[in-house]
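Trainee: The lines below spell out each chain.
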Amino acid sequence: VALAYDHSYSDTADFSPRGGGVKRASDVTAFSGPDWMSRAAQRFVDLIRLPVGWDGHQGHPVSPPIADYAYRFLQKLMLQPGLTLPSITPLAYGGIMLEWHRRGWDVEIEIDAPAQHHVYTYEIASGLEEQFVLGPRLDRLRDIVSKIAD
Amino acid sequence: LPLNPPVGPDNVVLAHDDLAILPQSLLIRHISPDHHVVLDENRNVRRISSAAFAATSGDPDFGMSVDINQLLAEQALPAGHVVPQGMGAVSLIVADLRGKGLRVGSDPTPTNEFHGQVWGVKQATRKAVHRLVKGWVVPLSGVALL
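Protein chains in written order, with the numbering used here: chain A, 242 to 391; chain B, 1054 to 1199.
Just chain B, same shape as in the assembly:
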């Protein structure tokens, strides 16, 4: 890297697929213990809701926020470096997401230079994204992934 995401006239990063983000790279999605964990009576567990993988507000390209571990690793920072205190986090593999037709790119923010997006996470895709979760980065005690 460096990554140079394309920017629109309003200075918003445009949806793109940046091949500099390697297929085996991990993406980090934060999980709120208060709002993303549900009781599953069928499986007798508390687990992550697929609601945790919703696109962020107002993005016409259905972008879902993530941290790009490849950027963190280049600075020798752990995958959970920007996960807020008290939050959990899970990982997704870039190649798995691209295999579903989703695009992955960087979208740095003033508070998170490692921030990226997975574009194309519509309602029907969210379940598939949930099933692609590789594992915990910052585990929530007693909470199952699926």
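So that you can see chain A by itself, here it is in the shape it has in the complex:
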């Protein structure tokens, strides 16, 4: 997983790696990029606009700084060729989970604050299960992501 951004973005779009992040729904419509980016961006915007109690209990909407960070983080991951867009699920406390269940692996990355990732992996064939906190270097994640990419 390369860590440098190498896509082309609209400089006018607020929702870009150089911009201010997810702030308005109109940011998404102003955004230009691959199709997955638009879909992911819309999903993140939807999640920060969730009402309190969206989960039928007392769940809070996703925190905008977490959504913004998760989107940038996802951009890095999606540089891996053949990687599909994960399920993007909100967590009741305002965090986000990115999850893939494919190619014999369950991979879940929880983001509970910007730059704070908790990773869960499960390999079905071996039954090997692992949970760890991901540090600022994403090396460890590179191997995992390559396993779930086409």
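Warning: the hint list may mix true and false statements.
What the hints assert, rightly or not - Now the stretches of chain B that chain A is said to cover, found in silico as 3 or more residues with beta-carbon under 8 Å: (1) 1083–1094; (2) 1097–1106; (3) 1166–1178; (4) 1181–1189.
These are computed hints drawn from the structure, not numbers from a lab.
Keep in mind that this is a model prediction, so the values were computed, not measured.
Even for Gly, the Cβ is constructed at its ideal location relative to N, Cα and C.
Go by the hints and put chain B onto chain A.
Mentor: What follows is chain B alone, placed relative to chain A:
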């Protein structure tokens, strides 16, 4: 019952384990079809994400909201009585959760007198809680539990 949960100085219910909630009692956790269901290509199903069992915002004791079926049953109400329209719901058994070291207590709210909490649902525990799901209370069509 009645239950008398301990309350802190800011009128917030404190984490506790109320043994008046019987071991065989069911707890009800709501499931959002829009936000808690994921595609599992490995098993070729749509299923509940473990994200559905996250603690609620701001709780230092990692409380996960539930409805306490024992309270519902005392009023002869069905387990899905307070599940919002369009939402699904699953059940968990109190003894199973206590067996994982989690605490179960009531935490009534102005809109849900049957509301309770399972305290201690940290990230590493969430998977275990998901695996303890007993079954559907309000099923979501075509969605697997695990």
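Trainee: Now tell me, hint by hint, if it's right for this structure.
Mentor: Taking the hints in turn, this is what the structure says about them:
no. : hint      : in the structure
1   : 1083–1094 : holds (count 9)
2   : 1097–1106 : holds (count 4)
3   : 1166–1178 : holds (count 3)
4   : 1181–1189 : violated (count 0)
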